[in-house]
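Novice: From first to last, the protein sequence lines are chains V and P.
Residue 396 in the numbering used here sits at position 281 of the first sequence; the count goes up by one each step and never skips.
Residue 352 in the numbering used here sits at position 237 of the second sequence; the count goes up by one each step and never skips.
No lab work stands behind these hints, which were simulated from the structure alone.
Be a bit skeptical, because a hint or two may be false.
Which copy? The list can't say, so a pair holds if one copy fits it or any two copies do.
Listed below are the simulated DSBU-like cross-link pairs for lysine-lysine, each with C-alpha atoms no more than 35 angstroms apart in a straight line [unchecked claim]: (1) Lys222 with Lys320; (2) Lys143 with Lys159; (3) Lys320 with Lys406; (4) Lys278 with Lys406; (5) Lys278 with Lys389; (6) Lys163 with Lys406; (7) Lys406 with Lys159; (8) Lys389 with Lys320; (9) Lys140 with Lys384; (10) Lys320 with Lys454; (11) Lys406 with Lys249; (12) Lys140 with Lys406; (13) Lys364 with Lys278.
Protein chains: 2
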Amino acid sequence: MTRKLRLAAVGLGRWAYIQADSYTKSDKIELVTCFSRNPEKRQKFAAKYGCQTDESYEALLAREDVDAVIVTVPNDAHADVIVQAIEAGKHVCVEKPISITMEDAKKIEDALAKHPDIKFTVLHSARRLGGLRKMKELIDSGRVGQVSTIEVNFSNERGLEIKPGNWRGNPAQAPGGPLTQLGVHQIDNIQYLLGRVKRVFCFGKPMYTEVENATVTQTICELESGQQAYIAANWACPGVFSINVFGTKANLYYTLDFSWWSNSDVTDKYTTLKIQEFATMTDDPDNRELKISDVEIPICNHLLDEMEEFADAVLEGGSLEIGVKEATHNVAVVLAAVKSMYEGRIVEVSEIEG
Amino acid sequence: MTRKLRLAAVGLGRWAYIQADSYTKSDKIELVTCFSRNPEKRQKFAAKYGCQTDESYEALLAREDVDAVIVTVPNDAHADVIVQAIEAGKHVCVEKPISITMEDAKKIEDALAKHPDIKFTVLHSARRLGGLRKMKELIDSGRVGQVSTIEVNFSNERGLEIKPGNWRGNPAQAPGGPLTQLGVHQIDNIQYLLGRVKRVFCFGKPMYTEVENATVTQTICELESGQQAYIAANWACPGVFSINVFGTKANLYYTLDFSWWSNSDVTDKYTTLKIQEFATMTDDPDNRELKISDVEIPICNHLLDEMEEFADAVLEGGSLEIGVKEATHNVAVVLAAVKSMYEGRIVEVSEIEG
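Chain V with its partners taken away, still in its complex shape:
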């Protein structure tokens, strides 16, 4: 029997628990130890999951019984924590976004180039949803015909509650507000379904909030393929997660009940995918009927599946869908949209990617 991936959790805030609730159920992963600079946070996390703790990040990285770290420190601390792990010979997975600056993404890329045996992935879990897998299959099979546009929306009420001083309200720490925190998931989904974004335009602003950061954003994109995308990322409404795909033969409508986003065991059960096609096609445009049908969605586990792919990559040399290149592109699209929002012009993603 293959041994388990021996994992250490670094950064013990809210999302570390959401992830641990999921991966501690995997028979491919063993949580060995954890670290946060705050001793109380370490004790609390270790007590909940029955793992050890380390008193410094250096001590954790020096352990021989740790294969890999899962990084859930704040976004602007990702690069230093990741590079340190890579240089210590540890494999790394990190919560999305990989970084909030291109400089930080480059630091990670450079460290990986120097350590080609290190496995690295970014946890863009959304593309692991069963509905995304099914949509990709329907597009690739030709059933949707030729796709012209995609509309994605990932929104929640977070902006209504952010207090001044919170990092989410600071444009330097969360560029574009919900674009960095929510939109980046959907940008990865667009990349997964249709490919890379070429140029963007964004309108956005703070609305119904006490902070200066944008809480409402709408972005349109041209993709490298010539197809187009609309991305809504909004922090001023009840939770939304939807993806609509428009093709010459069919349209796809995917929605997820955001209430269940963090419970990845059941997320897929609270999603629906519909396909809209012609029921009758005649020469008379006033005499055609459309039909809309439910599509069965394979039940996946978006948080668990990404961690097990990572475990397989480390233990068995399996491939990783989302490497530094894909994850950096997602951030470049966010930063291009934010630049567009502030400058009121089209921004080419290549301006950001260099």
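Given the structure of chain V, go ahead and fit chain P onto it with the hints provided.
Specialist: Frame of chain V, contents of chain P only:
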């Protein structure tokens, strides 16, 4: 008993039949006569609806038994036909869009200014749908909270079938393709629900078509209120008509089965409106549940209702929702989006409106 509005139909293409199928059922309207330059078209229309014909537009306008004309000639002929009717003292209703240039809209405005007793309206039927009436009520009542964004989509497969030479494929006759023909309905809906558009940005292009005109467009807007809008108008996919509204307390999702768009007796029966609200609200963002409920939609008749409002305005002095000002704004937003698409920059609607 009040007498009926004595109506003449001018321009006898496909849409003249769709409208006549509806207004000939009204007990407020009597179809008296019709005119097209093509005698066969006149005879066919008159035979179907049991009305008279006139051999020239001048003869029709000279009749004393005609109160008003319904204009369904091609968009680029609207202004001349309308101005002639106004100068002959006839009330006028015209199919959307009012025009495809600001010059034509100005001609109509000037003629109306000289004839203040003439009743004039543009048949933006979509805002008469029961779902639109209900959405406006839900927004105005406060149940949706403060609205930040609206997303509208009106699309169909028309672009896949346009042959070179057809006016729809000509950017001068149908600026922005589906933006002029479909998007303008949704721009009027945005105006109805949230107010006027201030500035726009559009990506669009011909896709999957033999013609040079754009068949795929995506536009984002800032409204005068500061709220934002996304407008999809696409001629490369099965029919779509949807409106989503995002507010601090609730989101609204409206869809219409486009198969039934032209059968206005039943259109509303093939629509759905859902409201998404919080079922539970706690301090913990991972422990809130959303609920989504069907909203009952009043059954209206979008094509009949607009014509009966017009009849009431002429016969009883009733008011008209969509005058030259509202209709001209809708066209200005289309033309601003088209300009943005070609020039790759934000266009202020005031640049178009002057």
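Novice: Each hint should be assessed against the structure and marked as holding or not.
Specialist: Each hint tested on the structure:
In this homomeric assembly, Lys222 and Lys320 come within 35 angstroms of each other (Cα to Cα) only inside a single copy, at 30 angstroms, whereas the closest approach across copies is 38 angstroms. Taking identical chains as interchangeable, the C-alpha atoms of Lys143 and Lys159 lie at most 35 angstroms apart only when both belong to the same chain, with a minimum of 24 angstroms there against 75 angstroms between chains. Taking the shortest Cα distances, Lys320 and Lys406 sit within 35 angstroms of each other only across copies (28 angstroms), while inside one copy they are farther apart (38 angstroms). Taking CA atoms no more than 35 angstroms apart as the test, Lys278 paired with Lys406 passes between copies only; the shortest distance there is 26 angstroms, against 47 angstroms inside one copy.
Taking CA atoms no more than 35 angstroms apart as the test, Lys278 paired with Lys389 passes between copies only; the shortest distance there is 31 angstroms, against 39 angstroms inside one copy. Taking the shortest Cα distances, Lys163 and Lys406 sit within 35 angstroms of each other only across copies (31 angstroms), while inside one copy they are farther apart (50 angstroms). For the identical chains of this complex, Lys406 and Lys159 are inter-copy neighbours only, at 33 angstroms across copies versus 53 angstroms inside a copy, given an alpha-carbon limit of 35 angstroms. With identical chains, the CA atoms of Lys389 and Lys320 are at most 35 angstroms apart both within one copy (32 angstroms) and between copies (27 angstroms).
Taking the shortest alpha-carbon separations for Lys140 and Lys384, only the intra-copy value of 19 angstroms comes in at or below 35 angstroms, while the best inter-copy value is 48 angstroms. Both within a single protomer and between protomers do Lys320 and Lys454 lie at most 35 angstroms apart by alpha-carbon distance, with minima of 12 angstroms and 24 angstroms respectively. In the homo-oligomer, the alpha carbons of Lys406 and Lys249 lie at most 35 angstroms apart both inside one protomer (19 angstroms) and across protomers (25 angstroms), since each shortest distance falls under that limit. Taking the closest pair of Cα atoms, Lys140 and Lys406 come within 35 angstroms of each other only across two copies (29 angstroms); inside a single copy the shortest separation is 41 angstroms, beyond that limit.
Taking the shortest Cα distances, Lys364 and Lys278 sit within 35 angstroms of each other only across copies (19 angstroms), while inside one copy they are farther apart (47 angstroms).
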